[in-house]
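Peer 1: If you want the building blocks of each chain, they are given just below.
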Amino acid sequence: KAGVTQTPRYLIKTRGQQVTLSCSPISGHRSVSWYQQTPGQGLQFLFEYFSETQRNKGNFPGRFSGRQFSNSRSEMNVSTLELGDSALYLCASSLEIPRVKEFFGPGTRLTVL
Amino acid sequence: DQQVKQNSPSLSVQEGRISILNCDYTNSMFDYFLWYKKYPAEGPTFLISISSIKDKNEDGRFTVFLNKSAKHLSLHIVPSQPGDSAVYFCAATVQGGSEKLVFGKGTKLTVNP
Chain E
9 KAGVTQTPRY LIKTRGQQVT LSCSPISGHR SVSWYQQTPG QGLQFLFEYF
59 SETQRNKGNF PGRFSGRQFS NSRSEMNVST LELGDSALYL CASSLEIPRV
109 KEFFGPGTRL TVL
Chain W
560 DQQVKQNSPS LSVQEGRISI LNCDYTNSMF DYFLWYKKYP AEGPTFLISI
610 SSIKDKNEDG RFTVFLNKSA KHLSLHIVPS QPGDSAVYFC AATVQGGSEK
660 LVFGKGTKLT VNP
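Just so you know, the protein sequences line up as chains E and W, in that order. Per the working numbering: the first sequence = residues 9 to 121. Per the working numbering: the second sequence = residues 560 to 672.
To be clear, the hints were calculated from the coordinates, so they are not data collected in a lab. Worth double-checking, as some hints may not be accurate.
Computed cross-link-like contacts, BS3-like style, restricted to lysine-lysine with a CA-CA straight-line distance of at most 30 angstroms [what the hints assert, rightly or not]:
id, chain 1, residue 1, chain 2, residue 2
1, E, Lys109, W, Lys613
2, E, Lys65, W, Lys667
3, W, Lys627, W, Lys659
Note that the coordinates shown come from a computational prediction; the quantities given were computed from them, not determined experimentally.
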């Protein structure tokens, strides 16, 4: 069974631009979560989608948004990029609720210049 | 306020010895705990978990101990191998609640040959 895939793997943007990251969960998994990993903060939860609905949201500004499609694929969007948005963005999928065990993708490394 | 804390950013041990990674939590509602391992350029991979109804869970060389009264858990790796060198994240959640995984900042383990 294929794992969680994320595209692109690496991205360089400049301040003020926007970016869209994509995540394809493991086949059959309906829950998709997004995390931001930075050296100083570890993994911070962004949001979770289940059956195209946002179930949980972390403490990030409204510039961070996401959505999930009917095939469970998910996208995450960051508008008006700031230097501090440079991070590894991880997507994780799980089979169902309760979401106690997640499978992570390799991440998208975003660099904002 | 960090609800899951890994106070040691790094740990170095000799091959064949025991590695002990520690994690503390503040939210007494947490009832399920997980450890993830992360290699560079890869997403975290699930390692082992424990429910609050247990105080120990073992899987091969990996054992997780939970001390609910102290709100402390630890991961023991015996014997440690160079391939265990990675960043280890502790995570906690409330089953049946928001089910959001709350991660610590991680501990970088280096196993020296």
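Peer 1: It remains to establish, for every hint, whether it holds in the given structure.
Peer 2: Each hint, compared with the structure:
1. Lys109(E) / Lys613(W): holds (17 angstroms)
2. Lys65(E) / Lys667(W): Status holds; Cα separation ~28 angstroms.
3. Lys627(W) / Lys659(W): holds (20 angstroms)
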